[in-house]
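Trainee: Residue strings, one per chain:
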Amino acid sequence: MRRILILLLLMIFSLIGPVEAYVYDHSLDPVGDVNIGTRITDTVSPSPSSEVFLGYQMRFKWWRPGDGVAQLTFAPINLARNEYIDSYTPDTTGTWKIQSLEYIKKKSNQNTNSEKTFNVVQVPEFGPLGLAIPLFLIGLFYTGLRKRML
Amino acid sequence: MRYSLKHVYIILLVVVVSLLVFIVQGLYQQETKYLKQVEFKRIDGYSEGTGNISEVQARINNQDTVRHNYTVQVSLNSVFFTDEIVEVMPDQPFTFKIVLPVEKQFSDLSVEEALHNVSFIIFRDDRPEPIDRIEYKFD
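Sequence order for the protein chains is A and B.
Start counting at 1 in the first sequence, then tack on 25, and there's your number in my numbering.
Start counting at 1 in the second sequence, then tack on 61, and there's your number in my numbering.
In isolation and in its complexed conformation, chain A is listed as follows (with noise of 0.2 Å):
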């Protein structure tokens, strides 16, 4: 008996099967490490088997390496070209994530959480000094030798 019915609970679960999860494809641009300062835009694409209808919108979470919050974004659906986009300017260096969870029709679906992660770096700039010492020795030079010719 007992093994009948553990049979006919398998067989229900097999009917039954997993639950299927949403799947996003996050797509970054620029693509790789960026520098800090430049505009990152994430486009975001529902999975193909997600209907996609009006009301739908997709809330981005741009985390600063570490923690907390940079920019919180709700986007709606383009219905054109059935994306989600958002994008933000990162001010520090490290790992960034994207954290996206869709809402549909004002409400937030749990299943659909997805992540993306990118680096900021800090290429070497020179700054105000870097232009300023060498156009004062520049000068310097050229009076010094002026006065030598003269």
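A portion of the hints provided could be inaccurate.
Claimed, not checked - Short derived list, chain B residues pointing at chain A, Cβ under 7 Å:
no.: 1; residue: E109
no.: 2; residue: G110
no.: 3; residue: F142
no.: 4; residue: M150
no.: 5; residue: T156
no.: 6; residue: K158
no.: 7; residue: I159
None of these hints come from the bench; they were simulated from the model.
Fair warning: this is a prediction, and the values are worked out from it, not measured in the lab.
Heads up, the beta-carbon is just placed ideally off N, CA and C, and yes, glycines get one too.
Got chain A; can you put chain B on it based on the hints?
Mentor: Here is chain B on its own, set in the frame of chain A:
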């Protein structure tokens, strides 16, 4: 002696120029650092497939020396939509942004009402009353 004086003169000149550059840079940064605690912005635009859209945003600058939890309460057409609680560090601004279709939206399956108003109310964890609020109307 004359030679060393010349060197001292050049070094002093370099120091003076460097100081001047630092002073100018400092003044410029002070000017740009003077920010309000909450800044609101509305940008109207057009999106292919969605039509007229409006982007409403609140930028929160924590001017305190310690981190604070801020609550951004949003209502659309006078109906509560969301209240997001975020921790904002000093000198690390936070931007809350919502992009909304303004016109009435139709599809085969549903209709979305036109947008008449959006309101933001901002709270900080150490104050019972809102620190700022705004309402944008669309006609």
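Trainee: Indicate, hint by hint, whether the structure satisfies it.
Mentor: Now for the hints, and whether the structure bears them out:
With a cut of 7 Å, the hint placing E109/B at the interface with chain A holds, because the nearest CB-to-CB distance is about 5 Å. A hinted interface residue such as G110/B counts as satisfied when its beta carbon comes closer than 7 Å to some beta carbon of chain A; here the least separation is about 3 Å, so the hint holds. Satisfaction of the interface hint for F142/B is found here, the shortest Cβ-Cβ separation to chain A being roughly 6 Å, below the 7 Å cut-off. For M150/B, the suggested interface contact is upheld, since its CB lies about 5 Å from the closest CB of chain A, less than 7 Å.
For T156/B, the shortest C-beta to C-beta distance to chain A is roughly 4 Å, which falls under 7 Å, so the interface hint holds. A cut of 7 Å between beta carbons decides the hint on K158/B: the least distance to chain A is about 4 Å, and the hint holds. With a cut of 7 Å, the hint placing I159/B at the interface with chain A holds, because the nearest CB-to-CB distance is about 4 Å.
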